[in-house]
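Student: So you can see what is in the structure, the chains are spelled out below.
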Amino acid sequence: MTALHRKLWRDLKQLRGQVIAISLVMVGGIGTMVMAQTNYAALAGTRALYYAEHRFAEVFARVKRAPLPLVESVRTIPGVREAEPRVMGFVTLEIAGYEEPVTGQMVSLPRPGDPGLNRVFLRAGRLPAADDEAVLGELFAEAHGLRPGDPVTAIMNGRRQRLTVSGIGLSPEFIYQIRPGDVFPDFERFGVLWMPYEPLAMAFDMDGAFNDLSLTLTREAREQDVVDALDLLLRPYGGAGAHGRDLQLSHRFLDEELGQLQIMTRLFSAIFLGVTAFLLNVVIGRLISTQREQIAVLKAYGYSRFEVSLHYAQLALLMVLVGVPAGLALGAWLGRGMADIYMDFYRFPYLAWSVEPFVVALAFAFALAAAAIGTAGGLARVFRLPPAEAMRPEAPPVYRRSLAERAGLAALLDPAARMILRNLGRRPLRTLMSVLGIGLGTGILVLSRFQGGAIEQMVDVQFGFAQRDDFAVTFTEPASARAAQELAALPGVRAVEPFRSAAVRLRHGHREYRTALQGLPDDADLKRVLDAELRPAPLPEDGLLLTDYLADMLRVRPGDRIDVEFLEGHRRTLSVPVAGTVHEYLGVGAYARREVVNRLLGEGAALSGAWLALEGGARAGVIRELRARPRVAAVTDRAATVQSFRDTMAESILTFTLIATLMAASIAVGVVYNDSRITLAERGRELASLRVLGYTRGEVRALLVGELFTLAFLALVPGFLLGVGMVYLLIEGFASDLYRIPLAVEPSGFAIAGLVVLAATALSGALVRRRLDALDLVAVLKLKE
Amino acid sequence: MSAAPGLATPAPVFRAAGLTKVYRMGEVEVHALRGVDLELYAGEFVVLLGPSGSGKSTLLNILGGLDAPTAGVVECRGHPLTGAGDEALTQFRREHVGFVFQFYNLIPSLTARENVALVTEIAQQPMDPADALGLVGLRERMDHFPAQLSGGEQQRVAIARAIAKRPDVLLCDEPTGALDSPTGILVLQALERINRETGALTVVITHNEVIARMADRVIRLKDGRIAGVERNAARVDPRELRW
Chain A
1 MTALHRKLWR
11 DLKQLRGQVI
21 AISLVMVGGI
31 GTMVMAQTNY
41 AALAGTRALY
51 YAEHRFAEVF
61 ARVKRAPLPL
71 VESVRTIPGV
81 REAEPRVMGF
91 VTLEIAGYEE
101 PVTGQMVSLP
111 RPGDPGLNRV
121 FLRAGRLPAA
131 DDEAVLGELF
141 AEAHGLRPGD
151 PVTAIMNGRR
161 QRLTVSGIGL
171 SPEFIYQIRP
181 GDVFPDFERF
191 GVLWMPYEPL
201 AMAFDMDGAF
211 NDLSLTLTRE
221 AREQDVVDAL
231 DLLLRPYGGA
241 GAHGRDLQLS
251 HRFLDEELGQ
261 LQIMTRLFSA
271 IFLGVTAFLL
281 NVVIGRLIST
291 QREQIAVLKA
301 YGYSRFEVSL
311 HYAQLALLMV
321 LVGVPAGLAL
331 GAWLGRGMAD
341 IYMDFYRFPY
351 LAWSVEPFVV
361 ALAFAFALAA
371 AAIGTAGGLA
381 RVFRLPPAEA
391 MRPEAPPVYR
401 RSLAERAGLA
411 ALLDPAARMI
421 LRNLGRRPLR
431 TLMSVLGIGL
441 GTGILVLSRF
451 QGGAIEQMVD
461 VQFGFAQRDD
471 FAVTFTEPAS
481 ARAAQELAAL
491 PGVRAVEPFR
501 SAAVRLRHGH
511 REYRTALQGL
521 PDDADLKRVL
531 DAELRPAPLP
541 EDGLLLTDYL
551 ADMLRVRPGD
561 RIDVEFLEGH
571 RRTLSVPVAG
581 TVHEYLGVGA
591 YARREVVNRL
601 LGEGAALSGA
611 WLALEGGARA
621 GVIRELRARP
631 RVAAVTDRAA
641 TVQSFRDTMA
651 ESILTFTLIA
661 TLMAASIAVG
671 VVYNDSRITL
681 AERGRELASL
691 RVLGYTRGEV
701 RALLVGELFT
711 LAFLALVPGF
721 LLGVGMVYLL
731 IEGFASDLYR
741 IPLAVEPSGF
751 AIAGLVVLAA
761 TALSGALVRR
771 RLDALDLVAV
781 LKLKE
Chain B
786 MSAAPGLATP
796 APVFRAAGLT
806 KVYRMGEVEV
816 HALRGVDLEL
826 YAGEFVVLLG
836 PSGSGKSTLL
846 NILGGLDAPT
856 AGVVECRGHP
866 LTGAGDEALT
876 QFRREHVGFV
886 FQFYNLIPSL
896 TARENVALVT
906 EIAQQPMDPA
916 DALGLVGLRE
926 RMDHFPAQLS
936 GGEQQRVAIA
946 RAIAKRPDVL
956 LCDEPTGALD
966 SPTGILVLQA
976 LERINRETGA
986 LTVVITHNEV
996 IARMADRVIR
1006 LKDGRIAGVE
1016 RNAARVDPRE
1026 LRW
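Chains as they are written, first to last, in my numbering: chain A, 1 to 785; chain B, 786 to 1028.
If you are wondering where the hints come from, they were derived from the structure by calculation, not from laboratory data.
Do not rely on the hints blindly, as some may be mistaken.
Claimed, not checked - Simulated coverage check for chain B against chain A, where a stretch passes if three residues somewhere in it have a Cβ under 8 Å from a Cβ of chain A:
1. 848-858
2. 870-876
3. 904-915
Keep in mind that this is a model prediction, so the values were computed, not measured.
Note that CB positions come from ideal geometry on N, CA and C, so glycine has one too.
Produce the entire structure from the sequences given, and follow the hints as far as they go.
Tutor: Dropping the structure here:
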């Protein structure tokens, strides 16, 4: 080891407190980045692998009923490689010992000779060998503790059928398992079942026919061309519009998740990069100031400018060398934990999780960038510092009256307050950066408290204010008003509000969107649409209301006309005026009076289903009654769905909040502690002089701690604003037609953020207290400046 | 300046002509040198005498390649220092110059031996750091940190550090300025011995008239100008000095 390396080592030991503080921030930043990056890579990589191995289809289409021989025509469409017809349908399931309504999505398995797309991965058991056997989706099976051999009852098209579980499986088609139309997954009340083609075809009246089609494409095929050709071919058979993976539900949710992971990675990486750079800047800058003469001596003895600069650069490099592996380890550990949480929502047969060399390289690049940004200025000073100049003492710092004093508040300030303000004012840039650093910590805290509150608001508004039914009942086929009257007659049903819902394609110019057009009763009370201020909005006499986000997507404004193409019934396309927009957080859609929808469809007073409000204690009885009705396709229990969603989210929110709080606290402590150490180093002599003049330890301590708290208080409001800004960035980045998170930060979020920052400040004060109390008065005064 | 009279004129180690130096310090402009001409020879022990602010340190810094004059020329063994780039000056200091400063300027985080090693590691034909410390009588205390050494000991470490590279020139800026007189004399003895044994041109800056008696030549500076040059008939042994 050369003498210069020894010096480096001992400087490092001398600065260990600050080095640890910086390393902690760096470790936190790299940890977060590595966590998000490895999760992104794991999810994206596993998905790609899973798709390839289990032959996930590329184009999907639903039809009402098409004959099997039509598949041959589909295969001749240019660009189509393989086509697989299936029967798919929704049923009500009965699980022994479980009283709630459960929806099952039945999917037929490939027939002999079919290409075998969307292949099922068997976790346990085997594929069905008989017509009354079924493979059960894993999440659903787990939720009910079902195993191969267990019985399940399905009410298919009105007929009750007893099935035996032959195996437990997964499919690339249902990585994210959610009932179509729902916003939250509910593994207890929704499950996927795979059965052989024949029994499903019999049950759904599809013998020799299919109602679902999956395609793979040749390499040179254009997806849109295939979709268009397919739509044309399937139209006479009730085609509901073909689409690529981008509109496939499971794929769609996973895409959103991956996008969010990237936004998080970028946001948090940027924050940590900034804070780390700032801390390095302060610490290295201070070190260079105190070692001016040492720099001069090294140069005087013939060390070149590069050698001396490199010496100081090595200090930052060492922190990188310490911080990166620790950050990688932390990130890998957090990432593994987060991946397990992801597996609660997204089900893969395996998770190809690893820390890629690319991530390691990225972590080093990230840390080096922070080090370079943070130390460039200081190193340039080392490089330029003329050796002779360095031998002369530094010019005394220029102090001014602080802003507060100049504003005429001098009389209000005691000498200690004046010293604090002047000292902060002397280095405005550093003060500003400190405030910004602490503010970022505060902001992250605000951000970390935000998620829980925002989700509460989404749930409150959507399921407490807009949607207030107990049960949503959908019929297998459009029904007459009688069906609603029958529901109203059930004992325990307080109110019934029938609705008409139809699948539509909305088109404006070259933009289009597939959604449901919901026809609501005039005086709807169980399902209300809300305006921008979240007040219930009346339904227009004519025309549609669109979710504001959808209106933006389609570039439509109230008063414009859009084309509505119905994907059912007579499949008419009509030009309809947009009467206004409504605000909602979950999903997007179009709303109108029920009569308007019936009229547009060219039908009488048909109903798709109804919302029910129950009397207290009537729930179980109503469920029993509904179960006995063959025309009830599905029953959604609002409260149960929300509860199950809350339970599932609770863990992930807790994890996120914990990680973010730790990160934020590490930033706050890192910045404040460094500030206190620097202040102590720069002004130790001054503070010791005060002690010599008769100030007590407590008074001197108050001076330093007062400075720290001044910084912290200055940082609170900017920190809150930064927090709201980050929340805004996050929700803008996360917003999609699936859901929009409201900008809802509760006062308690600010309060907790503020308290954590002040606690971190107090902790930093306590950490330097020992050093402050140990100031050697005589030695400090003897030391030459 | 004239060379030693009556002797065959050897080539000077340093030749300076018309040296001027103006620098800014904070908001003040300082005229440190106002036209200095000077020649210094190998093996000489030269004392630069003058009150504070007379430009002694500036002159020394320029001779040592630490600083550049505002105007004028300096050359060392015929090679110009003025106008030389930073790399050339660094190389010059690394190979030829040893510095001793008033406040020792040891690296506090390195032991005595390591402070010397700092220089021997980059020199071409250095002494062993232990030997260099032996020359100043500190062989026994070489593993001590600066904070564990007295002022005189620290200054002797600084001298060991300066001579360990076997420099052609030893430039000392107030080497006894921060020391009491018995300790100062110990340090001067070390300088004298090294000048005698290694033949390095030794330039000592001081404002202490007594020290001038141990020099071959005494150059007086005042207000940035040379006020006079004296040659001592004989060098006085530092042990006989008292102040």
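Student: If a hint holds in the structure, say so; if it does not, say that too.
Tutor: These are the hints, each one checked on the structure:
1. 848-858: That given contact holds, which follows from 3 residues of the region 848-858 of chain B lying within Cβ reach (below 8 Å) of chain A.
2. 870-876: Coverage by chain A holds here, the residue count being 4 at a Cβ distance below 8 Å.
3. 904-915: holds (count 4)
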